[in-house]
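All chains should be modelled from the sequences, with the hints used to inform the complete structure.
Per the numbering used here, numbering of the sequence shown is gapless, rising by one per residue and ending at 611.
Derived by calculation from the structure, the hints in this document are not laboratory data.
Take the hints with a grain of salt, since some may be wrong.
Stated by the list, open to error - No farther apart than 25 Å at their CA atoms in a straight line, the calculated lysine-lysine pairs in the BS3-like style are these: (1) K525 to K562; (2) K522 to K562; (3) K170 to K338; (4) K72 to K56; (5) K91 to K69; (6) K454 to K161; (7) K522 to K590; (8) K600 to K590; (9) K544 to K512; (10) K69 to K272; (11) K442 to K398; (12) K309 to K345; (13) K574 to K537; (14) K562 to K515; (15) K387 to K129; (16) K56 to K80; (17) K515 to K590; (18) K590 to K270; (19) K532 to K600; (20) K66 to K600; (21) K302 to K387; (22) K66 to K253; (23) K512 to K608; (24) K158 to K170; (25) K600 to K321; (26) K80 to K91; (27) K302 to K253; (28) K158 to K345; (29) K56 to K272; (30) K594 to K562.
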Amino acid sequence: MLFSFKNNTLKYKKSYFNGTCKYRCIFPNGDKRIKYNKWKSIKNAKPDCDIFEVICKSLTTKEIIFYDIFLQFVKLNIIPNEKVNFLKSFYPIDKVKHNYNVHLIIIDSVSHFNALRGFSKTLKYLKDNYKGVIFKYLNKVGYGSKPNGFAFLLNKRIIDLQDFETDNFIPSDFDNSTDPCKQYLDNQPYIGKYYRQLNYTILFNEDSYESIFTMNDCKGFLKNIHHHTTRPFLHKLKLLQYDSKYKNSRFFKSKCFINPDYQLEYLKSFMEAYKNRRQFTITWLSKFSHDNLTGHYAYDNLFKTFFQNNKNLFNNGFLIFMGDHGFKMGLYRNTELGNYEDRNPFLLIAPPKKLRTSSSEVYKNLMFNSDKHISQFDVYATLFDIATEGSRNNFTNMKNFDFNNIVKNDIIKGLSLLRKITTSRNCLEMEITSQYCLCYNYHHNLNKKLLKKIKDKFINNGNIQFNINSVIRYIKNKFIKHLNNKIKLTKSKNICAKIKESKNGLFDMKYFVSKNNTLVFFIKQEVKPKGIYEAYFDEKGNLLNLAITRIDQYSKYIRKCNPSRKIENYCYCKNNK
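Rendered as structure tokens:
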């Protein structure tokens, strides 16, 4: 390399170099944009920013002979206080002493059992040395990262709720006029924003080109919520990925982005720099586990070592180590156990050192709740508790508390895991649609008795001959038609192949009977040119307004045409060989 970068300083390696190198800082401008400072000489420069790029050009040919982008950590000198506006006026938040930091580390697509298998050393270390408590029955609330992240970070349900047992239907928290994708999220109850108002220093640290706030071409936040974030680094890398000069070059291959060292080092630097301030951090890692069922296995020692080496930094805070959902595609997902694990992400909560004693109410309550059926909304309630009532009472007198009495313009959906959950809640009460509920066991095979019940309804839909085969044929055709309609509506017919029935492919059809004696059909169907999908139909053969889930791994079939995120799970690129 033509220069060195050590101790936050750029230096030329050679006194004579027939070229010139410049750098410029890159800053976040909301969630989806970045802004640049002016180019400056690198000679003995100390970039005063977390993210910067360096370019070197030949003086004779003017050609670029070097380019790279760097991620470092630079502490902010001034962090102004902010006004608290999320609590009712009577609540004495100004008298609350916040003694503890909060650190969330999310590992994408890792279930409870898969964490036990692949993070065995890390979890054992956290249990033994951090008094980490593992929760067995955390229930995801939606298909992928977005609905689950919105639940534990924004207290929002972005999908409709349908309960098969009671026939209850509750629409999403958002409608067309308040679509969280088409509008900025600045006015939403984001827990990171609340901690910022409480004068915590905020870190948002991830490894994906798009965050849960911006994925699927969504707007995210207009203003900068986080004091430090990797978003400009990732945004710039995304832009470079579509530049032919860099896409297939050594630039990306040499980065080794699948390794979480970047993010863990960034987190450590943040924690060290602000050890005299309260901290709220979110580290979301997806590269090594999202597309690989055992991807996290290789990093068990790395995470264990990270928690060992930084125990003093974590001692003064709550650690929430968790998954957003389980592994959701591939051969294992196509099994009964894989289906269950997809719904059951892992969760470990370790209290601060002062609350790790056997007499601590918080520790005892965490242990009590570890066998309870809980949801991602409970994680949000726990974070809200730490920010308010838990800290107000210095985490003593941890009886049940209704946070709706103190929060403004919101209804807290979950229950704090720092307080005993003495009631048994069903999925409807926890705002989990039956499609993802851990507790439903509705797999009954179609039979003649059932056919008599639905015969009239199907005949009214135009079926003259009526038998098991005709019901299956009707459902299959309707399913295929709907999948193709998804492609049509997104105007992707020019790049995505038409979906057809796989004559000898997998087809599974089961049903559930509600308390009101209505039926819901569960369908799993394989299609051509490639795909295995799951969906739900009512007793009239109509597709329910629930997510269609693709459970086979499809990333390699969409690389050549790069469809939008909204359509990629329905697409098979026409230009595949």
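Hints, verified against the model:
no.: 1; hint: K525 to K562; result: holds (20 Å)
no.: 2; hint: K522 to K562; result: holds (17 Å)
no.: 3; hint: K170 to K338; result: holds (21 Å)
no.: 4; hint: K72 to K56; result: holds (10 Å)
no.: 5; hint: K91 to K69; result: holds (22 Å)
no.: 6; hint: K454 to K161; result: holds (20 Å)
no.: 7; hint: K522 to K590; result: holds (22 Å)
no.: 8; hint: K600 to K590; result: holds (17 Å)
no.: 9; hint: K544 to K512; result: holds (16 Å)
no.: 10; hint: K69 to K272; result: holds (15 Å)
no.: 11; hint: K442 to K398; result: violated (30 Å)
no.: 12; hint: K309 to K345; result: holds (13 Å)
no.: 13; hint: K574 to K537; result: holds (24 Å)
no.: 14; hint: K562 to K515; result: holds (13 Å)
no.: 15; hint: K387 to K129; result: holds (23 Å)
no.: 16; hint: K56 to K80; result: holds (12 Å)
no.: 17; hint: K515 to K590; result: holds (24 Å)
no.: 18; hint: K590 to K270; result: holds (24 Å)
no.: 19; hint: K532 to K600; result: holds (17 Å)
no.: 20; hint: K66 to K600; result: holds (17 Å)
no.: 21; hint: K302 to K387; result: holds (18 Å)
no.: 22; hint: K66 to K253; result: holds (7 Å)
no.: 23; hint: K512 to K608; result: holds (23 Å)
no.: 24; hint: K158 to K170; result: holds (15 Å)
no.: 25; hint: K600 to K321; result: holds (20 Å)
no.: 26; hint: K80 to K91; result: holds (20 Å)
no.: 27; hint: K302 to K253; result: violated (29 Å)
no.: 28; hint: K158 to K345; result: holds (14 Å)
no.: 29; hint: K56 to K272; result: holds (21 Å)
no.: 30; hint: K594 to K562; result: holds (18 Å)
Of the hints listed earlier, those the structure fails to meet are numbers 11, 27, in rising order.
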